[in-house]
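Below are the chains, spelled out letter by letter.
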Amino acid sequence: MSSALHIKGVTKRFGTFVANDNITFELQQGEVLALLGENGAGKTTLMNIIFGHYVAEEGSVDVMGKTLQAGDPKAAIEAGIGMVHQHFTLADNLTVIENIMLGSESLWSLTTDKVSACNKVLKMSEDFGLQVSPNAKVSSLSVGEKQRVEILKALYGDAKVLILDEPTAVLTPQESESLFETLRLLVAKGLSIIFISHKLHEILAVSNRVLVLRHGALVDEMQTADADKQRLSSSMVGKDIAQPLAEKLPVGEEIFSLANVSVKSAKASARLDNISLNARRSEILGITGVSGNGQSALADVLCGMLKPDAGEVHFNADRISYFSAASFVDNQIARVPEDRIREGVIGEMSLWENAMSEIYRKISRFGFVDFKKAKQFTNELIEDYDIRCEGIDQEARLLSGGNMQKLILGRVLSQNPDLIIANQPIRGLDVGAIANVHERLLEARRSGACVILITEDLDELLSISDRVAVMCHSKLSAIYNANEISKTQLGSLMSGGSIDNNKPKPKEAVCA
Amino acid sequence: MRLEVRTNVPLWAQGLAPVLAIFISLVLCSLLIIWAGKPVLESYALLVNGALGSSFALSETLTRATPLIFTGLAAAIAFKAKLWNIGGEGQLYVGAVVATVLGSGLVTLHPVLMIPFLVISGALAAGILLLIPTLLKNYLRVDEVVVTLLLNFIVLLFVNYLLEGPIQDPMSMGWPQGRPIIDEGQLMPIMERARLHLGFILALVAAIGCWVFMKFTLWGYEIRSVGLNPQAAKFSGINIHRTLIITALLSGGMAGIAGVSEVAGLKGYLTLDMSPGFGYAGIAVAMLAMLHPLGVIASAIFFAGIYVGADSMSQGMGIPSYIADVMVAVSILMVLISMLLVRYRIIRG
Numbered sequence: 000m001s002s003a004l005h006i007k008g009v010t011k012r013f014g015t016f017v018a019n020d021n022i023t024f025e026l027q028q029g030e031v032l033a034l035l036g037e038n039g040a041g042k043t044t045l046m047n048i049i050f051g052h053y054v055a056e057e058g059s060v061d062v063m064g065k066t067l068q069a070g071d072p073k074a075a076i077e078a079g080i081g082m083v084h085q086h087f088t089l090a091d092n093l094t095v096i097e098n099i100m101l102g103s104e105s106l107w108s109l110t111t112d113k114v115s116a117c118n119k120v121l122k123m124s125e126d127f128g129l130q131v132s133p134n135a136k137v138s139s140l141s142v143g144e145k146q147r148v149e150i151l152k153a154l155y156g157d158a159k160v161l162i163l164d165e166p167t168a169v170l171t172p173q174e175s176e177s178l179f180e181t182l183r184l185l186v187a188k189g190l191s192i193i194f195i196s197h198k199l200h201e202i203l204a205v206s207n208r209v210l211v212l213r214h215g216a217l218v219d220e221m222q223t224a225d226a227d228k229q230r231l232s233s234s235m236v237g238k239d240i241a242q243p244l245a246e247k248l249p250v251g252e253e254i255f256s257l258a259n260v261s262v263k264s265a266k267a268s269a270r271l272d273n274i275s276l277n278a279r280r281s282e283i284l285g286i287t288g289v290s291g292n293g294q295s296a297l298a299d300v301l302c303g304m305l306k307p308d309a310g311e312v313h314f315n316a317d318r319i320s321y322f323s324a325a326s327f328v329d330n331q332i333a334r335v336p337e338d339r340i341r342e343g344v345i346g347e348m349s350l351w352e353n354a355m356s357e358i359y360r361k362i363s364r365f366g367f368v369d370f371k372k373a374k375q376f377t378n379e380l381i382e383d384y385d386i387r388c389e390g391i392d393q394e395a396r397l398l399s400g401g402n403m404q405k406l407i408l409g410r411v412l413s414q415n416p417d418l419i420i421a422n423q424p425i426r427g428l429d430v431g432a433i434a435n436v437h438e439r440l441l442e443a444r445r446s447g448a449c450v451i452l453i454t455e456d457l458d459e460l461l462s463i464s465d466r467v468a469v470m471c472h473s474k475l476s477a478i479y480n481a482n483e484i485s486k487t488q489l490g491s492l493m494s495g496g497s498i499d500n501n502k503p504k505p506k507e508a509v510c511a
Numbered sequence: 000m001r002l003e004v005r006t007n008v009p010l011w012a013q014g015l016a017p018v019l020a021i022f023i024s025l026v027l028c029s030l031l032i033i034w035a036g037k038p039v040l041e042s043y044a045l046l047v048n049g050a051l052g053s054s055f056a057l058s059e060t061l062t063r064a065t066p067l068i069f070t071g072l073a074a075a076i077a078f079k080a081k082l083w084n085i086g087g088e089g090q091l092y093v094g095a096v097v098a099t100v101l102g103s104g105l106v107t108l109h110p111v112l113m114i115p116f117l118v119i120s121g122a123l124a125a126g127i128l129l130l131i132p133t134l135l136k137n138y139l140r141v142d143e144v145v146v147t148l149l150l151n152f153i154v155l156l157f158v159n160y161l162l163e164g165p166i167q168d169p170m171s172m173g174w175p176q177g178r179p180i181i182d183e184g185q186l187m188p189i190m191e192r193a194r195l196h197l198g199f200i201l202a203l204v205a206a207i208g209c210w211v212f213m214k215f216t217l218w219g220y221e222i223r224s225v226g227l228n229p230q231a232a233k234f235s236g237i238n239i240h241r242t243l244i245i246t247a248l249l250s251g252g253m254a255g256i257a258g259v260s261e262v263a264g265l266k267g268y269l270t271l272d273m274s275p276g277f278g279y280a281g282i283a284v285a286m287l288a289m290l291h292p293l294g295v296i297a298s299a300i301f302f303a304g305i306y307v308g309a310d311s312m313s314q315g316m317g318i319p320s321y322i323a324d325v326m327v328a329v330s331i332l333m334v335l336i337s338m339l340l341v342r343y344r345i346i347r348g
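Protein chains in written order, with numbering that gives the first Met the number 0: chain C, 0 to 511; chain E, 0 to 348.
Looking at chain E on its own, in the form it has when it is part of the complex (with noise of 0.2 Å):
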């Protein structure tokens, strides 16, 4: 068998293949509850109804969306450079942890203020974090997925020994907590009776900022250039290094921003279980919108949704709700066999 590259795919087709994608992968998890002997239909009514059937469930999809659209954004910019970044949870900690240390009453500034301060001071923080490993690959040549993922660890680790010490909350009665983001700079709910949070706006925001930034600006156009063709962007002039640095600061500042959202918007303080994996989802959501900052929007959202309503339908029907997690694996292996047929037909022989 071979492939060979399609010419002309109509757009209709483009945008019809990941819709059938996603289709296809709920025909094949419904196999995942027939073998549980529960009916198809009625859970999969009750995974739709979980995720977007009231305001409240809506509210509570985006407000799990939020941070994916940050990592979502940290991958997709990250890899539109080729920098493989599977650093976002790392990034993500150190994020939450620069809010909670600086907005945990050692600043306090008018909430117009305090608030931009947060975000940019974590965002800030977590880019640096994530130049250590861009620099050893720019000077040493240090393969960066293998340091970005190791940081991980070490930096949840590093949290994990803040929150016993020097940031605990003295009212947590020992527990590994962190102290409570003051009022100022708390991200104010957007509605009313659920927990929905500035950082949803702020991560809408973002990813305009994103998709301006890399389509219609000079560093945009330079890490697209590194992306495609590091010898061609080399050739013309591009400054790879400095180009990868600035891709650097910016991948590693979103997915900071996840993390004073989470801090300073939903939870109030910081914890060591915060993240149930938004760093490494971050990756998946990106994928699935083909590194487009806009489509970063949809893809998060249809993964929280996927989330928020399984474990509606796992309540419901008693289905274990780690079918959330094998349904969104399945829809990302779909969606990137439909990308793969839109580009390419299988030949035999």
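Extracted from the complex, chain C is given alone in its bound form (with noise of 0.2 Å):
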């Protein structure tokens, strides 16, 4: 076997932050090389470098055998790396096969070849087992689908080593399955992939050898099959992390209900079709599914974000009939929302300003903010809730994403809520913060809290729901046990099956 790939000696800072120090290694022909790291070890910056967005300020790649002009991508993609990036780089209003095209044509020339580009792709994606129809619109595609569109776009560049950032982030476990085929079908001719992952079972499973990252330095290598879950797990956060584990707890009281709630809208996403379901104290109510399939419009429904056109919504036996957020807060629903950075904090406000949010009219003192009760607030949360900061006149945008989220949800735990609504809380966290959430929501459940968790992430959803229902469709599956249900049977609700049968095959593909 010869090196495709030869990281030598890469380090890159960012200011007196290093991203990357000192990493040297050898990807082999053929081999499917992880790269396992928590976020903000340095991973994507890594990958940054050999694909020349990034300029290091020591050390070279070298690429069969050749070192690569530095921070040029077009040299990147001319000595044969392609790179399927973690959110898409698709133009959605063009077809597959003009997608795939675009960048490879000449500038000069009038005419493309399409028909034989066409049949070129066909023929890749027969080999490799990447179903797609070359004339579908991209925006028609499903996200699964528009993958296959980038591992194609690469491939088509003649790409030799090619790097997947995240590839399963967005994938239900079927559609992962076959990625990994598809992976393990280009090894076998003669590519080399890096697989950038943060999900231990999937490095287990399609990797051959796994390198770990660590605070910017390569800490750990090891051949996939010497490897396990517990190894990968600890070298990866440099310490064990026990995970949280929801105990039985004996049946609560139905305290929220959602009677055949519909929202109509013009995009299928923001819609909600007949939305029926009830949650108890003393529960996790998981809610999954492939995103844009009506979550977030629940969501904003369970937050009092949006008005539901139809349907009746409950709550400690009223009926809830106006909904705004302040209505919510002062019912004394914790909400937790999707997007911490948009809708959490605001960035530029203090710690103290964003943890007295929701409570400021509560503290007041005749049409004032009560300095020093909202900053002894914002003491408490820091101390029980340890959040990592330099005092509480910090910038909440300086937070690491964990210690936002400790404060977004300290902000509202602290207030002792009977229903707390979770939207995707572990999102782009590292393994430790998200035991930490996790921890904080089973102890909310311990204490007689209903919490209603929206995810996308079925390790998260197993692991501590009591039970989980599937949105696809704007509709929502039935509400099944946690425990009598598996990943693949969830996966096949995801994409608009039943529980016991699997997904519709794709169509054929032809040429135009």
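Please note that the accuracy of each hint is not assured.
[As the list claims (entries may be wrong)] When the alpha-carbon atoms are kept at most 16 Å apart in a straight line, the in silico EDC-like pairs for lysine to aspartate or glutamate are as follows:
{"no.": "1", "chain 1": "E", "residue 1": "K233", "chain 2": "C", "residue 2": "E337"}
{"no.": "2", "chain 1": "E", "residue 1": "K214", "chain 2": "C", "residue 2": "E347"}
{"no.": "3", "chain 1": "E", "residue 1": "K214", "chain 2": "C", "residue 2": "D369"}
{"no.": "4", "chain 1": "E", "residue 1": "K233", "chain 2": "C", "residue 2": "E382"}
{"no.": "5", "chain 1": "C", "residue 1": "K266", "chain 2": "C", "residue 2": "D308"}
[Unchecked claim] Non-contacting residues of chain C with respect to chain E, defined by C-beta distances greater than 12 Å in every case (computed):
{"no.": "6", "residue": "Q28"}
{"no.": "7", "residue": "E77"}
{"no.": "8", "residue": "H84"}
{"no.": "9", "residue": "L184"}
{"no.": "10", "residue": "A265"}
{"no.": "11", "residue": "D299"}
{"no.": "12", "residue": "H313"}
{"no.": "13", "residue": "D338"}
{"no.": "14", "residue": "V344"}
{"no.": "15", "residue": "E379"}
{"no.": "16", "residue": "E382"}
{"no.": "17", "residue": "C471"}
Hints were generated in silico from the structure; no laboratory data involved. Even glycine gets a Cβ: it sits at the ideal position worked out from N, Cα and C.
Combine both chains into one complex, guided by the hints.
See the structure below:
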């Protein structure tokens, strides 16, 4: 085996922060190399250096024995590096084939040879199990299909080294499985793959070798055959993290319910179709689904941000008829927004101004903010919820994701709510922070609160929920007990199937 | 070239940056003076002398700064909520019209009541004027920049009509000028043999009041929240529509008091050329002050000083007084650039 990619002593600093610290490794030809690390460990920075988006202060990147011109994405592409980003880089209003050809055709040629390109793509998609229809508009594709287009686009540019950045973050379990199958076919054809992830079971399933990054440095390397979840997770985090466990609790009384709730909208993803659910004290009700199937609209209704067009919402035996964030706050409903940075905090304001954002009226005096109480409250939150910060006057935007989430959770949980709506509470957090968030939610459950957890992370869903339901096409499935349903069954519910049959087969693709 | 956020900028650098920027802008403007063929240092000496050199010069500068403080506060408050009020000029004239209508004999009270009565009525009317674009923004998502800007012209034409008819001074021999404010309503002078009047004190009080309001009250907190991140503000339960209405009343009110103060303090009667664009200049004043109410005082005095000083410089040296506009514009640009450089560093490649 020869080396496809050789990273030699790469160091990258942002100010005083060292994002990559003297990283050296080789990628062998025909190998799947997994790069494991928490958020902020430096994985994406390293990939951006390889791809030429960043220039490293020290070190170099060799592809197939030749040193790559630093800071030049074009040179990287020509050398055979293909990158599939976490967030897709496709033009929505073009067709699949047009997207694939984009950037590879000559600027000076007026005609494009679509038919031969199309045949090449169809040949590749057959070889590697990447079904797509070349003439479909990208906007009409599912997330999984879009990712296939991204991979095809990289392969079309004759990539020898394929870099996949968190490729399964948006996929159902079935889609992930078929992606892994594709990757196996690709390496069999001699491609080399770098697979970036923080999901341990995927890394164990798909890779040959694992590198672990922590705080910008390479801390561990092992053959996947010698690895197990325990070793990977402790070397990723640097210590052992106890997974919080949901102990069995007696079934609580029902305190919150939706009955036939509907929201009309021109946009399919903002629609809700006749949703009914009930939630009890001392339980976590998990709701999942592929993103864009109405979870956001459901979360908006649950958070008081959206008034449903039809149906009833009951809380503590009262019917909620007035939908506003303020009235939900007054009703002691704790809400954790989906997007921490956009909805959860005001980045340019201090921690204490953010901490008081739901209670500032309660602690005011004659229309004036009670600074003393607000600051005292913030100090208590920092203490109780272990928020790492420079002090209460620090701007909220400077907090890490985990600490920002602690602030948001602390702000609402300290009010002893009966109902907690947590929308994607662990998105983008590292293992330690995830455990922390889960521990807080479980603690609230122990004290008798009802938690509605909306998440796309099936591991999260199954590890802490008591009951689960799936959103698909704006409808909610039946509610199942979490210990009686498998990931595969959830996956088929997520793609619109039922619990005992699998997803319908994709249509045959042809060239027009 | 890319911008990268600086971390840990020391306080002295933040304070020094605008001073340095103004110095650089003076250096740049000296090129114009050289071009005009006049000695630079002497010209600047005349400028500084004309603005600050004597107690009379100082009083003229502060008189000129008075309406700028009010219109600067109007812009600063509205911009804090990201309500882009470009209509300070129109609101100023509405305040002046209301002061003329109520203060030229219709109502007569003891000065202790009369002055607050005129100030509050003018502020209220101007605030209500700004409510029109704000409600259109709230309920129909109409862009407030366009509406506030165009309202300026409507108000000005309306004032033109009023001055030729209903509120025209019968003693003005046909000139388009308003009936004079009665003595009880006049903002009295606060310096002997100078035009500086009570309006300046009101402006200082207003600036301090706005600062306290924005920093310490619930409404101030809501306004700042809505301006910085409306989604987060909405999620935490702040009523954005109501917050913008409060902002509009306060911002429009400040611009309205500028009009009251000019009519009842400086001129005594309303004319169409009463404001040489104080409403628009207020936006620049607020930007230079980085939207800080107390900073508005310094920034307005700086602007006024340049205008007043440039007048005496142009008289003494024969340089066109338009150089004042250039100097003000260049110093704003330089201050904005310095603010950018304080927040970010430029990286090549």
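Now for the hints, and whether the structure bears them out:
1. K233/E <-> E337/C: Distance ~14 Å between K233/E and E337/C Cα, so the pair holds.
2. K214/E <-> E347/C: Roughly 14 Å between the alpha carbons, so the hint for K214/E and E347/C holds.
3. K214/E <-> D369/C: holds (11 Å)
4. K233/E <-> E382/C: violated (27 Å)
5. K266/C <-> D308/C: Cα-Cα ~15 Å, so holds.
6. Q28: Per Cβ check, Q28/C is outside 12 Å of chain E; nearest 32 Å; holds.
7. E77: E77/C clear of chain E: closest Cβ-Cβ about 20 Å, beyond 12 Å.
8. H84: Given a closest Cβ separation of 19 Å, the condition holds.
9. L184: It holds; L184/C is separated from chain E by about 39 Å at its closest Cβ, greater than 12 Å.
10. A265: With a cut-off of 12 Å, A265/C remains clear of chain E, as the shortest Cβ separation is near 17 Å.
11. D299: violated (10 Å)
12. H313: holds (21 Å)
13. D338: D338/C is in fact no farther than 12 Å from some Cβ atom of chain E, at 8 Å.
14. V344: Given a closest Cβ separation of 6 Å, the condition is violated.
15. E379: holds (19 Å)
16. E382: holds (22 Å)
17. C471: holds (26 Å)
Hint compliance for this structure: hints 4, 11, 13 and 14 are not met, and every other hint is.
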